[in-house]
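K.L.:
Sequences and hints are given; from them, build the entire structure.
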Amino acid sequence: MMDHEHYRSAMMADPRDPDPALRQHRESCAECRAFGDSLLSFESRLERALKVDIPTSRDVLPFERKAASAARTALKAGPWRRFAIAASVLIGLGLAGGLWLALPQRSLAADVVAHVEDEPQSWQPRDAVAGADLEAVLKDSKLRLKPDAGIVSYASSCYFRKHFVPHLVVQTESGPVTVMVLVHESASRPVQFNEQGYRGSIVPVPGHGAIAVLMRGAAADPPGAEAQALQRIAERVSESIDWST
Amino acid sequence: MNDEVGGNRRRARFQALCQTLRPDLLRFAFWLSRDRALAEDVVQESMLRAWKAQDSLLDENAAKPWFLTIIRREYARTFERKRLITVDVDDLIAKEEPVLAAAEEQDLSEMRAALFKLPDEYREPLLLQVLMGYSTAEIARELDLSGPAVLTRLFRARQQLRVLCGEDAVPDGEA
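Listed in order, the protein sequences are those of chains A and B.
The C-terminal position of the first sequence is numbered 285 in my numbering, with every residue numbered one higher than the one before it.
The C-terminal position of the second sequence is numbered 232 in my numbering, with every residue numbered one higher than the one before it.
Among the hints, a few may not be true.
[As the list claims (entries may be wrong)] Computed cross-link-like contacts, DSSO-like style, restricted to lysine-lysine with a CA-CA straight-line distance of at most 27 Å: (1) B:Lys152 with B:Lys174; (2) B:Lys109 with A:Lys182; (3) B:Lys109 with A:Lys179; (4) B:Lys109 with A:Lys202; (5) A:Lys179 with B:Lys152; (6) A:Lys202 with B:Lys152; (7) A:Lys202 with A:Lys179; (8) A:Lys202 with B:Lys121; (9) A:Lys182 with A:Lys202; (10) A:Lys91 with B:Lys121; (11) A:Lys91 with B:Lys174; (12) B:Lys109 with B:Lys121.
[Unchecked claim] Stretch-level coverage of chain A by chain B, calculated; a stretch enters the list once three of its residues show a Cβ under 8 Å from a Cβ in chain B: (13) 81-94; (14) 239-246.
Read the hints as simulated data drawn from the structure, not as lab findings.
Yeah, the Cβ is synthetic: ideal placement off N, Cα and C, and Gly gets one too.
P.N.:
Written out as structure tokens, the structure is:
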């Protein structure tokens with residue numbers, strides 16, 4: 041036989057509980073019926089309180105553009121346009137002196153790493169992205185890539201920090217390097233980072249935000265040399281972009 | 058060609074699904090985070106993740122809990138990534154005042170402020186039950202809790218809400 045306390049505890053946990061035993065107790069106990077009515081009134085207020093209107097400034101669902109971009113990238117039509125190899129950008133390996141700094145722009149670096157972690161497929165070896173597809177990805181950011189940027193094996197327009205940005209993977213002699221063109225970000229000076237298995241650099245591009253480059257896995261070169269190399273890759277990519285489009 | 062048509066159809070269907078579910082998901086994210094801007098970010102990112110993982114949604118009827126799980130994970134990831142600092146709940150209430158205000162019913166504003174003050178472990182199962190219509194078993198599965206633990210949290214959630222709204226507490230016999 042259900043008592044008042046059990047009824048009230050059960051109702052407090054789930055006022056809409058259709059358990060026949062609860063209903064039976066309610067019908068036989070005026071005190072609990074009054075409590076139940078009061079609780080249902082409270083519940084109704086709770087339901088209405090939760091139904092807030094949340095005005096949103098975002099009319100376009102990001103995946104629409106993302107999906108369109110991914111579809112373009114996935115098309116494997118036509119001869120691959122091979123850009124000149126970016127091997128030379130690693131020449132500076134002998135130049136030591138780059139510091140593996142702590143992270144004054146940690147949040148940007150962390151967000152870049154988090155984004156790249158979310159797209160593990162971008163690292164998979166594959167043929168170069170067709171020129172038209174690459175152009176389409178860059179066009180979202182009103183950019184063009186000059187034909188000497190290197191082999192781009194992945195290109196996607198990605199939603200990052202409230203903007204769509206080009207996310208590229210460029211094949212270099214040191215392996216694949218992710219490049220994110222961050223025209224909406226700002227950086228006052230080059231910053232190196234090393235976290236969660238990714239090493240990279242964020243390089244300012246005067247008047248055009250910044251470029252992030254990163255590699256994954258253990259460093260093959262001394263930290264200073266690799267930092268220098270990454271920075272040079274970023275600079276090379278920056279030089280290969282036609283920012284004026 | 059067929060692939061392209063199929064892809065377009067799939068995209069349109071997925072888009073329609075998102076449009077339908079978005080208001081509820083946004084509300085859920087808002088009450089979870091107590092921050093409208095963050096809620097928008099979380100829902101936006103979650104939809105991108107959902108788009109990428111849409112093959113894992115085998116039954117469109119299960120879309121809501123599927124999205125909800127993605128949102129909860131995305132919110133947790135945001136928390137880890139940004140290392141959100143603890144803030145005063147009164148500041149949160151003041152910041153979201155335009156959303157919480159209910160000009161026509163003062164007691165709704167009061168209830169909303171009380172909801173903001175509920176600890177996460179009580180607020181979340183309550184949201185799942187009242188806002189999303191989850192059963193106790195579904196909440197237990199989503200939050201990885203036992204059924205009795207869910208009932209206890211729901212009891213305490215309502216208990217605290219009642220007190221915060223100036224109503225009498227109910228003797229805590231079971232919980």
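K.L.:
Each of the hints needs a verdict: does it hold here or not?
P.N.:
Structure-based check of all given hints:
1. B:Lys152 with B:Lys174: holds, 14 Å
2. B:Lys109 with A:Lys182: Between Lys109 (chain B) and Lys182 (chain A) the Cα gap is close to 25 Å, so the pair holds against 27 Å.
3. B:Lys109 with A:Lys179: holds, 22 Å
4. B:Lys109 with A:Lys202: holds, 18 Å
5. A:Lys179 with B:Lys152: Cα-Cα ~38 Å, so violated.
6. A:Lys202 with B:Lys152: holds, 21 Å
7. A:Lys202 with A:Lys179: With a Cα-Cα distance of about 17 Å, the restraint between Lys202 (chain A) and Lys179 (chain A) holds, given a limit of 27 Å.
8. A:Lys202 with B:Lys121: With a Cα-Cα distance of about 24 Å, the restraint between Lys202 (chain A) and Lys121 (chain B) holds, given a limit of 27 Å.
9. A:Lys182 with A:Lys202: Measuring from Cα to Cα gives roughly 17 Å; hence the hint holds.
10. A:Lys91 with B:Lys121: Holds: Lys91 (chain A) and Lys121 (chain B) sit about 17 Å apart, inside 27 Å.
11. A:Lys91 with B:Lys174: Judged against 27 Å, a Cα distance of about 17 Å means the pair holds.
12. B:Lys109 with B:Lys121: With Cα atoms ~16 Å apart, Lys109 (chain B) and Lys121 (chain B) stay inside 27 Å; holds.
13. 81-94: holds (count 12)
14. 239-246: violated (count 0)
Figure legend: structure checked against the earlier numbered hints; hints not met, in rising order: 5, 14.
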